[in-house]
Amino acid sequence: MIWNETKECMSRDELSALQSARLVKLVDYVYHNVDFYRKKMQAMGLEPGDIKNIDDIVKLPFTTKDDLRDNYPFGLFAVPHSQIVRVHASSGTTGKATVVGYTRKDIDIWAECVARCLAMAGVTKDDIIQVAYGYGLFTGGLGAHYGAEKLGAMVVPMSTGNSKKLTTMMVDFGATAIACTPSYLLHLAEILEAEDKIKDIKLKCAICGAEPWTEKMHKDIEERLHIHAHDIYGLSEVMGPGVACDCRFHKGLHVCEDHFYPEILDSATLTTQKAGETGELVFTTLTKEGLPLIRYRTKDLTSIDYSTCECGRTSARISRFKGRVDDMLIIRGVNVFPSQVEAALVDVEEVSPHYMMIVDRVNNLDTLEILVEVNPKYLTDEIKGLELLTKKITHVLSQALGINPKVKIVEPNTLVRSEGKAVHVQDKRKLY
Amino acid sequence: MVAKQLSVFIENRQGRLGEVLKVLKTNGVNILSLSLADTTEYGLLRLIVNNPELGKEKLAEDGFSTMLTDVIILQINHEAGSLQGLLQILSDSDVNIEYMYGLSIDGDEASVVLKTSDLEKADAVFTKNGVKTLSHKEIK
Chain A
0 MIWNETKECM SRDELSALQS ARLVKLVDYV YHNVDFYRKK MQAMGLEPGD
50 IKNIDDIVKL PFTTKDDLRD NYPFGLFAVP HSQIVRVHAS SGTTGKATVV
100 GYTRKDIDIW AECVARCLAM AGVTKDDIIQ VAYGYGLFTG GLGAHYGAEK
150 LGAMVVPMST GNSKKLTTMM VDFGATAIAC TPSYLLHLAE ILEAEDKIKD
200 IKLKCAICGA EPWTEKMHKD IEERLHIHAH DIYGLSEVMG PGVACDCRFH
250 KGLHVCEDHF YPEILDSATL TTQKAGETGE LVFTTLTKEG LPLIRYRTKD
300 LTSIDYSTCE CGRTSARISR FKGRVDDMLI IRGVNVFPSQ VEAALVDVEE
350 VSPHYMMIVD RVNNLDTLEI LVEVNPKYLT DEIKGLELLT KKITHVLSQA
400 LGINPKVKIV EPNTLVRSEG KAVHVQDKRK LY
Chain B
0 MVAKQLSVFI ENRQGRLGEV LKVLKTNGVN ILSLSLADTT EYGLLRLIVN
50 NPELGKEKLA EDGFSTMLTD VIILQINHEA GSLQGLLQIL SDSDVNIEYM
100 YGLSIDGDEA SVVLKTSDLE KADAVFTKNG VKTLSHKEIK
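Chains as they are written, first to last, in numbering that gives the first Met the number 0: chain A, 0 to 431; chain B, 0 to 139.
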């Protein structure tokens, strides 16, 4: 089913005209409502009138995650907080979170986009959908929830943390759809298999996102649970889940292009790549009121296809992600930057600032082990002391990262000191 | 009397313990007793040696994390209940034992190495009660 045929299937010319009109309006809006953009444009000698159509977008300045950090918490909001009805937050590159805000209209558009994505996966108002993303500051839970309600489905807001209850309700309620991270769904499949309950479930489809996954995981999920699995993409800065999703033909993720304008750029030169060429995905939010972003650099690497899909949608499709421009890791759906570990360890005087992060996937769940060197001054000959120290470091790191790492203290001066850019991460999951 | 124990923090890596022992051997440091406390991640090797300062210096040169720790070495009679009697003295004085291990056994007497919560107090209590404590030089 196509949720919004007018928008999802409009001709490319019509879409381009709509995007042009929205961009012109957006630039005028941010120029007059966000100091950050006005100053940037003035520094470049740009005035709102210089932007006449969507092709002029290349004249506009970029926005990065660091810009959000530098304007923490609300500096880039275009409306007074009386018009903001909700905020979400994700990890920043250092200690500070990236905070995003939504007006009532933003929330409505977000729900519309998620509804389109769920419809792409075959969800209708007759479905019972379990939302098993975290509810809270993370955009996943509430984002999927509002979209599913908009669609009219029966929503079961499971959130995360109780797999047993989830699988029991999946069987007892006869849930037909689930929204969660792909690795968590594989974990659930294991539980269902172990309890011989696969035959008892009525699941038809899954809408998985918040972390990169491989084609093998996709196949695994579909075969083990006998369902269709769909890839939903989004990031809180741009909106949250619902920016793009793949349809039943699985030939790339359809972008909600009337709301989020995608560009693929060479990440070194920042010039536009041809269709099909890999580059950094950059988004401009065409309709957002609370936190409108111009040319936001996602740091995700992908390519784009503008041809009409077999499903009938004309919206451009981005390919499965091919990696990251920066060193951000996604662990159990949480964005983690090595720089956060470094920033947190600086405050722990018992350890040196050297560390190694080892990311792996055991039984379909991500694991994060962090090796830290003890400062020789604080070494003790008592196990008790070392255990307390491990506990303290674990606490500091889990507060900073939002996930619980397994901390292992190692002998001083044993972690690799590489010349130039330090190698702090071993990712054994091979996700790209 | 307070004795010096050579303590080495070692990761659970194959051959790591052997490397420590090799450094001691090369430098003529003789081990009189040892205890290895282990967890899944790392171990703490505690050694009573004839020359703890030299052992620490040479191990540090080779990149090992070492410490000298104050401990008490007690000489006890080879009789049932003698250790219990000595520990009762500590207990009565509100001193806790952090860890303990046995030392060389020589004829009618045995020795134990003790690390306590308050070492000076433990030493004083033992002296007051006429219990003999040894330095590493007195150990045969």
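Honestly, the hints are just simulated from the structure, not real lab data. Remember, it's a predicted structure, so these values are computed and weren't measured experimentally. Idealized CB from N, CA, C, for every residue including glycine. Do not take every clue at face value.
Unchecked claim - Simulated crosslink set (SDA-like; lysine to any residue; CA at most 25 Å straight-line):
1. Lys55/B - Ile382/A
2. Lys407/A - Glu119/B
3. Lys391/A - Ile9/B
4. Lys405/A - Ala123/B
5. Lys390/A - Asn95/B
6. Lys21/B - Lys390/A
7. Lys407/A - Ile88/B
8. Lys376/A - Ile88/B
9. Lys407/A - Asn95/B
10. Lys383/A - Asn95/B
11. Lys427/A - Asn11/B
12. Lys383/A - Glu137/B
13. Lys376/A - Glu10/B
14. Lys376/A - Thr132/B
To be verified - Chain B is nowhere near these chain A residues, computed Cβ spacing over 10 Å in every case:
15. Asp380
16. Lys383
17. Lys407
18. Thr413
Hints versus structure:
no. : hint                : result
1   : Lys55/B - Ile382/A  : holds, 20 Å
2   : Lys407/A - Glu119/B : violated, 33 Å
3   : Lys391/A - Ile9/B   : holds, 20 Å
4   : Lys405/A - Ala123/B : violated, 43 Å
5   : Lys390/A - Asn95/B  : holds, 23 Å
6   : Lys21/B - Lys390/A  : violated, 33 Å
7   : Lys407/A - Ile88/B  : violated, 38 Å
8   : Lys376/A - Ile88/B  : violated, 33 Å
9   : Lys407/A - Asn95/B  : violated, 28 Å
10  : Lys383/A - Asn95/B  : holds, 14 Å
11  : Lys427/A - Asn11/B  : holds, 21 Å
12  : Lys383/A - Glu137/B : violated, 30 Å
13  : Lys376/A - Glu10/B  : holds, 17 Å
14  : Lys376/A - Thr132/B : violated, 29 Å
15  : Asp380              : violated, 4 Å
16  : Lys383              : violated, 7 Å
17  : Lys407              : violated, 5 Å
18  : Thr413              : violated, 7 Å
In summary, the structure is inconsistent with hints 2, 4, 6, 7, 8, 9, 12, 14, 15, 16, 17 and 18 from the numbered list given earlier, while agreeing with the others.
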